[in-house]
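Student: Residue numbers (our numbering), protein chains in the order written: chain R, 1 to 291; chain E, 1 to 234.
Everything labelled a hint here was simulated from the structure, so no lab data went into it. Misleading hints may appear alongside valid ones.
FRET-style restraints, in silico, Cβ to Cβ [stated by the list, open to error]:
(1) R:G205 <-> E:E83: 51 to 59 Å
(2) R:R284 <-> E:N105: 53 to 61 Å
(3) R:A84 <-> E:N28: 40 to 48 Å
(4) E:D191 <-> R:A27: 31 to 39 Å
(5) R:E25 <-> E:P224: 57 to 65 Å
(6) E:R5 <-> R:R198: 41 to 49 Å
(7) E:N105 <-> R:Q263: 43 to 51 Å
(8) E:D174 <-> R:G205: 27 to 35 Å
(9) E:N105 <-> R:K148: 30 to 38 Å
(10) E:E10 <-> R:L110: 38 to 46 Å
(11) R:G96 <-> E:A223: 53 to 61 Å
Take a look, some chain E residues computed to stay more than 12 Å from chain R by CB distance [claimed, not checked]:
(12) M1
(13) G14
(14) G35
(15) K106
(16) K152
(17) Y181
(18) L219
For every residue, glycine included, the Cβ atom is placed at its ideal position computed from N, Cα and C.
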Amino acid sequence: MSLKSVLESGSFAVTTEIGPQKGTETAEIVEIAELLRGRIAAANCTDQQSSVMRLGSMATCHVLLQHGVEPVLQMTCRDRNRIALQSDLLSGWVLGVRNVLALTGDLPSLGDHPQAMPVFDLDSVQLLWTIGKLNGGTDIMGNALKGKTDYFAGAVVNPGVNTEASFDLQLFKMEKKIKAGARFFQTQAIYEPDKFARFMKRVEGFGVPVLAGIIPLKSVGAARFMNKNVAGIFVPEPTIQRLAATKDKTQAGLEIAADLIKQLRGMCQGVHIMAIGGERNVPRLLDMAGL
Amino acid sequence: MLLSRQKPFEQILGYLEGESKVFLLGCNGCAQASGTGGPVQVAAMKAKLTAAGKTITGTDVVDFLCQKALVKSRLSVRLNEIEPADSLLVMTCGVGVQATAASVNKLCHPACDTINLGGSRGEWSGSERCMECSDCVLETTGGICPLTACSKGLLNGQCGGARNGKCEFNPEKDCGWELIYLRLKSLGRLDKLLQFTPPKDRLKEQPAVDVMATTFWALERTAPAPQPKEVTAK
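With these hints in hand, go ahead and build the complete structure from the sequences.
Tutor: As structure tokens, then:
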């Protein structure tokens, strides 16, 4: 069942994320694909996440397809101009990719090639608009395609930004992304169900499925690091204390994540699990969350 | 020097749609030299807009519009003409539009595109920056340039990286889109945040030969090119 049909059927969708490695080794991707097959609706393949150069998203999607896992091609505007973005969208379709997540992307200065030229010829909203053009049978200049795409396009939103202005700006941009063709949303990691409920209240009128982001915590240090450095992520102190009080941090992190998923289940249309190296634990987390 | 070129009149009229009263503002610096926003062009614009059914509440030509202190002191005595206006039409470079928009609590429409000179940037005394994209987008952003105020130059709104209203890449720098949001909110024009801005015409970011054609440039072009030495086989 495709991600599109899972979301259209109204069942609670689970997506996860696979970050390719730096290099040509694919054994780990294959191993994780085998573990996840049948347990998730789709897996996102990240596109040079955090601007760190790695194996590409498209090749990772291809490996997942070979092993029976539906991929979501993450596509950022950081490294490619409008010609390359459109061409890669055509290539992805030919390889069997059916879902795209349109992102603007981080600045290269965050990654391991900080001197690289940031492209940003298009932004995420314009990329969604571009996907709509290709789905309609033309490129963005209006030239006809011989064989079009029919992508199921998604986008991201950060409900946890910490000023009123940013919160409103996220909602305005979300609306703009929907108008430009976004059919589903994945969010930044959520640790405060009450605040997320407030966000969902504001966006329910949009009528587009939202998959809440879940990052299982691995250590107290990691939680504090995210609080200090990652925009829109806030792990409340009681959650950090719950983790601190246990010996098996991995198990505790998964328990906290499973509890969150149970609380979020009634609020949104799915969850997007970003395990960040802990992908092997995702089936265990799904068992614990009753999914 | 910042070279500007007037936008097509139809585009300017489009910006003024739904508005009846406009205050016109020019500049005796680069805009006058560009032939886009000096006293002559401001008077011509007044005539054209009046013919198009708009009421011009007043006009002024300031030297120099890139200096906010000058703009504020000069406009403070014209408030009786600015207050009744729905908006200001600023006939200058992108810095002049931004400096004006930062000085008056009115929507400021850009009448010009600031043309790329191939790297010869002008100088500014304030915080406003113009990157001479030749395709001015200040109309949609409340007179704050998203190309220079946002680290990623995003045209369609904020990324997810702002913290405490500051940019993810530089905690000292305000998030440009938060500034745009606050400006539009104070103007009651948050609806502009829902307008889709299509991909930019990057071709316009290449300097055109005609704008590079200074006297020195012509001299360099007519000077004889160094001749390659003939290689003779021994």
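Student: Which numbered hints are broken by the structure, listed smallest first?
Tutor: 1, 4, 9, 16 and 17
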